[in-house]
Each structure stands twice: as C-alpha cells, then as structure tokens.
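Residue numbers (the numbering used here), protein chains in the order written: chain A, 1 to 307; chain B, 1 to 793.
These aren't lab readings, by the way, just hints derived from the structure by calculation. Heads up, the beta-carbon is just placed ideally off N, CA and C, and yes, glycines get one too. A portion of the hints provided could be inaccurate.
Stated by the list, open to error - Dumping the calculated BS3-like pairs for lysine-lysine here, alpha-carbon to alpha-carbon at most 30 Å:
(1) K242/B with K194/A
(2) K118/B with K188/A
(3) K194/A with K219/B
(4) K332/B with K188/A
(5) K203/A with K391/B
(6) K188/A with K120/B
What the hints assert, rightly or not - Some but not every residue of chain A turned toward chain B, in silico, with C-beta under 8 Å:
(7) P58
(8) G66
(9) S121
(10) L235
(11) A239
(12) P240
(13) I246
To be verified - Ranges of calculated distance between the beta carbons of each label pair, as one might list FRET restraints:
(14) E202/B with E210/A: 53 to 59 Å
(15) N265/A with K80/B: 48 to 54 Å
(16) K165/A with I77/B: 40 to 46 Å
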Amino acid sequence: MNFIIEAFKPACHVSVTFADAKHRKQAALKKENGKTEMIPLFRSQDNIIGTVSVEPVPGKKVEHKGIKVELLGQIEMYSDRGNFYDFTSLVRELDIPGEIYEKKDFPFEFSSVEMPYETYSGINVRLRYVLKVTITRGYPGSIVQFQDFVVRNYSPSPSINNSIKMEVGIEDCLHIEFEYNKSKYHLKDVIIGKIYFLLVRIKMKNMDLEIRRRESTGSGTSTHVETETLAKYELMDGAPVRGESIPIRLFLSPYELTPTYRNTNNKFSVKYYLNLVLVDEEDRRYFKQQEITIYRLAESSEQAEAL
Amino acid sequence: MVIVNGMEDEDKWLAEGIAGIQHNAVCLHRALDSDNLRDALKYAAQLLSELRTSRLSPHKYYELYMRAFDEMRRLEIFFKEEDRHGCSVVDLHELVQHAGNVLPRLYLLCTVGSVYIKSKEALAKDVLKDLVEMCRAVQHPVRGLFLRSYLAQISRDKLPDIGSEFEGEGDTVMDAVEFVLQNFTEMNKLWVRMQHQGPFIEKQKLEKERNELRDLVGKNLHVISQIEGVDLDIYRDTVLPKVLEQIINCKDELAQYYLMDCMIQVFPDEYHLKTLETLLGACPQLLPTVDLKTVLSQLMERLSNYASSNPELLPEFLQVEAFSKLSNAIGKVIAAQVDMPIVGTFTLYVSLLTFTLRVHPDQLDYVDQVLGSCVKKLSGKPKAEVSKATKQVIALLSAPLDKYDDIVRALTLSNYPRVMDHLDSGPNKVMAMVIINSIMKNKTCVSTSDKVEVLFELIKGLLKDLDGASTEELDDEDFNEEQNSVACLMHMLYNDDPEEMLKIICTVWKHVVVGGSRRLPFTVPPLVFSALKLVRRVQSQDGDVTDEESPATPRKIFQLLSQIIDALSAVPAPELALRLYLQCAEAANDCELEPVAYDLFTQAFVLYEEEIVDSKAQVVAIHLIIGTLQRMHVFGVENRDTLTHKATGYSAKLLKKPDQCRAVYACSHLFWIDDQDSNKDGERVLLCLKRSLRIANAAQQMSNVTRGISGPVTLFVEILNKYIYFFEKGNPQISPSAIQDLIELIKTELQSDGITLPWSPALDPFLTSTLRYIKFQKQKGGAMGEKYGAIKL
C-alpha cells in the first residue's frame, strides 16, 4: 500500500514566496470552493520578485527537463469553464534540465509588470493573476504549481466630476428632479443628493435607491448581461407632496463594489448604476437608472477622504 | 386596510408590534450586555422596524413608540461608552447610516446624534441641522411626526441655549431657534397632511386622530418658549414671523386654530403686547372657518390678566395702542370671515369689551367705541338673526354694569341704548332687569333728570309695550316682578336739589304715563310717594316762606300729583287712587294748603261715590277717609263740617249693619280731636255713638229675625269701648250712668240669648277684658278711679 501511495505522491514540494511578503498588503480573494483567503496584493507596474523553492521528498531526486515560472493574467468565462484566455503571459526560465536532490531556491523577478486589469470575480466571468511554476518532466509528467495574487489599480480623483442632475416624470402624474453630487465615486465614497418633488399626483409608498451592477460578457450576438442589485437603500417613507425635497446620503463602504470596468480586454464590462425606485400604494414601480462610475482611490487619499 | 372589525384588528396589530419589540429588545439587551456593537445595531434596527407599521391609529402607535423609545435610551447609554464598543462617535455616526430602512436608520441617527453633540466632537448646530434635514425622508404623517417628536425629545437638553454647555464656539441661540422652528414647520406640514390620508378613513375619525397628535406639534412652540435666549428681539424678528408664516400657509383649519392658541398660551404676555400688531395681522389671513373668536378672546383675556397683574404696565398698553389694534383686528376678522355667525361676532365684541373694561376702565370712549361697532354690525340685521346672539348681546351690555358699580357711567355711553334697541322685547326686558338689579345692588343714586331720561329710555321695555310685543303672553308673576323692580328703581332716583328732583319726577312720569293700565298700579304709587317726600322736604326747608317763583313749590307738586293719580282712573284702580289722594291730602294738610287738601278730599269722595261699588271696598275706603280726615287740621269749620258730614253720611249708608255701626262709631272721632280744643264736640260724639248703638241694636234684631238668634254682642262691646274712651278723655256728654246702662244692655242681650250670668269668660273674652279694665281703673284710685267710681258693675 505504502508503495502505491508513494508512487502518486508528488516527488517534490514546490512553493512560491514573494520577496516582500511581510510588508505587502493582502486582500481577500474568494476561492472556487467558496472560502476566502488572504493573498498578496499588487498593482500594475509593480516588480514581482520572489523565490521558487523546490524541495524533493527526502531520499528522492527530481529529474527534470527544465523549470520555469510564468506570470499569467487570465480571463475565464464560466460559460466556457476551464478555458482560460491569457491576456498577459511572461516567462522566466529558472533552471536548465538536470536533477535536484535537495531543496533548491530559484529567485525570480518580473519587473514593472504591466497589469492593466484588476482581479475580478463576477457572475459569469473571472479575471485572475497567477504565478505558474512548471517543472517539466517526461514521465511521470510535469509538476505544476500555481500561486494566485491580487491586482488592484488605483485612480486619482477625477479632475472632472460633474453632478448628475435630471428632471424626469410622467406627464401630469409625477415630476421629480434628482441630483447626485457626483458622477464618479470611489469605493468608500458617500453619495449625497436630493430628490425634489415637482408634481405628485400618485400616492407614493416609499422610495429606494438601488446600486446595481451590470456585468456583460462576450460580444456581438453572444453578449450576456447579468444585473445584480447590490444595495437597496430606502430613501423615503410615505407620500410626499409637491415641493418636498428628500435628502440622499448613501455610504458606499458597506457594499462589495469594484471599480467600473469598461471593456476589459474586449471580454467583459462591469458597470454600476444608481436606480431610483418609487413605489406607489398599488405597488407600481417607477424608476430611473443612472450610470455612475466607480473608481478605486489610493488608500492614503481614501483615508484622507474619510476624515 | 379594510375596516372590518377595525378595532379588534388594531388591537391585534398592536399586540404583534409590541411582541416584536419585546423580542428584539431581549436580543438587544443581550448584545448590549456583551458589548457587541454589530448585534446591538442589528437588533435595534429590527426593533425600530416595528414602528414602520401603517396599521395603527396614532393612539396605538404612540404606545408602540413609547416602548421603542425606552429601548433607545438604553442604546444611547451604550453608544456613549466608547470603551465598551470601541467605535468612535464619528464612526458610529456613519455606521448607523448603513441601515437599509429609512425609519430605523433615522431613529438610530438621532440617537447617535444626541451622543455626538454631547461628545462635543462636532458643533451642536451642525448635528442638529443635519438631523432635522435628514428626517425629511419620512413623509408618512404619523411616522414622521413621531420621528420628529423623538428628535425634539433627544435634542431638548442639547440646544445651544444661553447658559447651556453647548452654547458658544459657533453655536448660538439662533441656531437653537432655527432648529426648533424647522422641526416645527416640518411637523406641522406632516400634521396638516394627515387629513389627506387614505380614503378609507372617515373624516371625523381623522379629525379625532389629528387632535390626538396636535400636542406633538405644539410641543415645539413650547420648547422655543423655554429657550432662555429667546428674548423679545428674537421672538419678534425670527420666531413670530416664521411661526405665523407657517400657520398662515398651512391653510388648515384645525392647525391654524390650534397653533394660534398655542402661540398665545406659550409665550409671555409681554411679548404678545409688544408684537400685537404682527400677531393680530395674521388673523384675517387665516381660513374663514377658523374659530378666531376663541383665539382672540383668549388673547384678550391673557392681556387683561397681564394688565391687572401690575398697574404699572398700563402705559405700555397705551403706548402700543393695544385697544385700537385689537379693535381693528377684530373688525378685520369679522370682515374677512363672512360666514361667522353673529354669535361669534358678538363673542368677540364681548371679549374686547371685557378687555377694555379691565385694562382701560377709565376710557369710557373705548367702551363706547366697542358698542358703536356692535351697533354698526347690528344695524340692518333682522331681529330674528340678532336674537340668536341674545346671550352675547346681554353679556355685552352687562359687562359695563358689572365693572362700573354705578350705572351712571354706563349711562354716558351714547351707543349703549342703541345696542339695546336691537334686542327683542324679551331680552330687552331681561337687560332692563339687569340694569335695575345692578342699580339696586350697588345702591346707586341716579341724581339728574338727564340721567334719569337715559336710564328710563334704556328700560323702556319694562315701561311700555314695545312694538309687536304683547303683555298678554307674559307670565303674571314675571310681570309683577318686573314692575316691582321698576317701582323699586324709583326710590333710587334722588337729588338734594328740589328743583332737580322735581324734574326727575316729571321725567319719570313722562315715561311711566304711557305704561298702560297694567303697569300704572305698580308705577304710580312709588312716584307719588317720591313726590310727597319732596313736598315734605320743600316744606321743611322753606318753612312758611314759600317762594312762588321757585318751580318746586308744594302747590305745583300737588298739581302734578293730582295729574298722576288721575291717570289711575283710566286703569281703573279707584281704591288705590283713593288711598293716594288721601295720602296727598294729608301732605297738603302738613303744608297748610287748605284748598289743595280740600280738593284732594273731594277727589277721594268722588271716587268713593262713583267708582267704589264693592261693599267691602267701601268699608275699607270709608275707614281710610275717616282716619285721614280725623288727622286733618288745616280745614276751616265750614270745610270740615262738609267733609265730616259727608263721611258720617256715607258711613251710615254702608250696606251691612255691622259695617254701618262700626263706621258710625268711628266717625265719632271726627268730633273729638285730642290736641284741638276747638274740635271737641261732645254732643256730636254722643250722637254718633248713640246712632251706632241703634244700628247695633237693629243688626241684633235683624239677626234674630233672620237666623233665630241674635249675633254676638261684639258690636255693643266695641261701642262700650268707645264710650269708655271718650269717658276717659273727659267728654262731658258721656256719663258713668250711660256706661252703666250700656253694660246692662249688653248683659240683657246676652241673657236674651239664653246665656245666664255669670257667664264663662270664654264665651266673650272681649267683654270680659273690657269689664276687667273698668274694675282695674276703679281699683287704681286717683282721679280716674274716682271717675269710675260711679260705675257699678
């Protein structure tokens, strides 16, 4: 028995460690099994430096035809599970063919890596970055080890950030004017605004503000769109009369948002909408959807903002 | 919501709500005990979610609210203790806003807001302003009202008031005022909006529910009034205009009434006085159906209380022209509220008048102005309509009487009678009675003929039949009471100056003479006696020197008296007239006016002859005549003879024998006047007595014939007494033997009646005591005893 197990046991233990693992920030990433794990966080143009350790099982040797480490940026469509589209692929050869008898470290470095897209895990699509270590062997097959890492890219505060202001209505029924203080919000931002009732002939019951995420994948005729409501925030209770103005103050921090991704590598887009929903006493819904842009503000300035 | 078993359902829903709160409260307490902020927030929000119900009436909702309120107090304490939950108040402030439902979110925000202000990490005004703005999110009237009431509650002790720990550093009283004002405005809007709630609820029920909630709105005004820093300037420049604006703009009857009332109640009177114009200026702008009369009446009552609290305030009232402002405002309100019933109008005037009387008791012209306005309002109105406001008009007219103890002041009000003219005859009389009673109560003396003229003009409803009113319908008792009052009133008219007094009498007479036959018997006697009093006064003043030039000579007064009494002939009331003539004659006697006295006696006799036909009345009349005549000393022998002759003649002609007998023996006195030696005719006295004896005898016999027994001997005993009287007076014609004979006669009479002596005294106590008297006189001795000695019993 022992003998059989021995045969299927990997012949060696491969691990990847990042050079600055102790200081580097980590982010939570949801794994495929549903668990979240804290893994190192990078941004575009970072140098990704580390070491690959290969440690053969004691008393065994690893015979190989070469060792390499790849940095891959992959997009996976769930409709086409298992097939990854690599939009980034960098390779570092670590070792020439040979034999390894004891633990051996192979330092590697990818400097100023261009990682334009952020790690994302959506309904129909996933974007991930991974380091793939391959120990090429003839028989019994190559040894492959993956190490995920998260990429997040920060944007500066947009120089132009107009408010969204609009008057909408149903003729002789309902006229409202709403205003959101900005069109672009960072992830920890607060939406401030108000709804002004110009004409109310409908008996309102309540009014909600929804944050909706629209994830569209594919292109052309095979475009697939998924919309989910991430936040449903009650703005108003009861029936207003003409002239009332209802304040909006919605903190974005409690919601699991990502920045807006527009046409990520021609594969998918993630957009955010504010949906203002008015419900009347007969439970009829009147709504108006407005796109907002969400961006990731650098941590330091985010904190400054919060203060 | 369908109202089927509405009440039961509501109770059920309330029970469910309470259960929900209790359940979440248990979880909340557990979270608080373990300092678990996350859970605490979660359960607090769930607990507060029970308040999202729409199914409860305000009354029941309040019960739910109070339970939630108690839990919020616990939560607030927890929030305050940062070391327990490790979250700064700033973070907490954001954290509670993550709640998805607006109502729980805002309750939590208010709760944190309270802690935030206390922590002083932010300016109180900023936090308050934010809260009052954010609460706009609840537009449901009941839920909104309670939420804002919660806000008002938690902020009460955190307003940046003078002397409060939250004042200064950018927080001023104005911020406090603005905050409360805004909350007030929003609450009022919600409250007003309630009336437009669902079609299922009947209007009445809605009104009731709104009434239950009104104090939540009014509380804000109370809070402002409690802010130390709200001085007159802030009140005048900020509070008042803003509140009034809200009151006017809300265009809701209930709210306008309640809030106006509230304003008047919660703010000091001093402020009202100083801002009277603004406050009153708002009144005409309110809805025409608002019950302004109550509001304004309250205001005036408060102001007058204020004025009377300190007499030094009066100049202030004058300075701000409180009266004319109020008067103007009332005029405008009445003009604006065309549908105001006349009762309302007059209630207002009554209040204004009361105010005037209390604040400016000396300004009679103000009082008159008010009455003038009433006259204007009344003129052109049909009496039927006016009659609806009778009570108010009477109150209006009574007010000055109550205030001024003497009616005289009221009499100078030119509009007073004009208002009275508008009263129906019934109320008019009531009012006249009020006036008279006031005079009587205060014992006011009305001292000039002018005033009497005015006064009698006022009470003319009692003095004559007004148009269209018939005395027939009147209850006799009421009528008598009224006329008695008028009679009483006459005694309150008095002036020391005889001339003026005569004028007064003439004036009264002028009014009384038209009173008709039912009134004259009541009104003439007091007037006559009043005139007689004057006669005696003139007489005693002038003595014998009577100035013929003076208008008030006894002679002239007697002329008037004759006229007055003569009026009774139309009634007719001969007996009364006769008495009055006799009274006058006696007075004339005292004035030594023989012709006058004679004339008056003549009148009396004429009446006796022509008008008095009833035999009983005749008896009474003849005795009166005899009695009066006996006292007359003014007549000469001739006149006297004529009159006594007449009197004795009539006496003998009375119908019943006993009456004849008594009248005749009474006449004996006419010939024997004690203090007049010239008038002592013993012979004629004896004649009279003998004549009466004859009549008595005849009566006795007649009785014997008709009834078989002779009557009692009373008549004889009476005559015996007369004998004794004149005997004692020294009439030489009355001898002891005559008396003795009479006694014998009586005894014989008794015997013939079948009674033998000695009789039991009980049989005729009169005789017994008469005899005892004689015996007593005999035994007494002295001159009298000697005189009696001759009489043997």
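Quiz item: Quick one, are K194/A and K219/B close enough, alpha carbons at most 30 Å?
Solution: Holds - the C-alpha atoms of K219/B and K194/A are around 29 Å apart, at most 30 Å.
Exercise. Classify the hint on L235/A as holds or violated, based on whether any CB of chain B lies nearer than 8 Å to its CB.
Key: holds (6 Å)
Self-check item: Hint check: 8 Å Cβ-Cβ cutoff, S121/A to chain B
Solution: violated (23 Å)
Self-check item: E210/A and E202/B - C-beta distance against the hinted 53 to 59 Å
Solution: violated (38 Å)
Quiz item: Regarding the pair K188/A and K120/B, is the alpha-carbon distance no greater than 30 Å?
Solution: Distance of about 26 Å is within 30 Å: holds.
Quiz item: Between K118/B and K188/A, is the straight-line Cα distance small enough, at 30 Å or below?
Solution: holds (27 Å)
Exercise. Mind checking the hinted window 40 to 46 Å against the Cβ distance between K165/A and I77/B?
Key: For I77/B against K165/A, whose Cβ atoms are near 43 Å apart, the range 40 to 46 Å holds.
Quiz prompt | Interface hint outcome for P58/A [beta carbon to chain B under 8 Å] | solution = violated (49 Å)
Quiz item: Does A239/A meet its interface restraint, that is, does its C-beta lie within less than 8 Å of any C-beta in chain B?
Solution: Result: holds, 6 Å to nearest chain B Cβ.
Practice problem: Take a quick look at whether K203/A and K391/B sit within 30 Å of each other, Cα to Cα. | Solution: Given that 30 Å is the threshold and the Cα spacing comes to 48 Å, the pair is violated.
Practice problem: Closer than 8 Å between Cβ atoms is the bar; does I246/A clear it against chain B? Give me holds or violated. | Solution: Holds, because the Cβ-Cβ distance from I246/A to chain B comes to roughly 6 Å (cut-off 8 Å).
Quiz item: Is the straight-line distance between the alpha-carbon of K332/B and that of K188/A 30 Å or less?
Solution: violated (60 Å)
Hint compliance for this structure: hints 4, 5, 7, 8, 9 and 14 are broken, all remaining hints hold.
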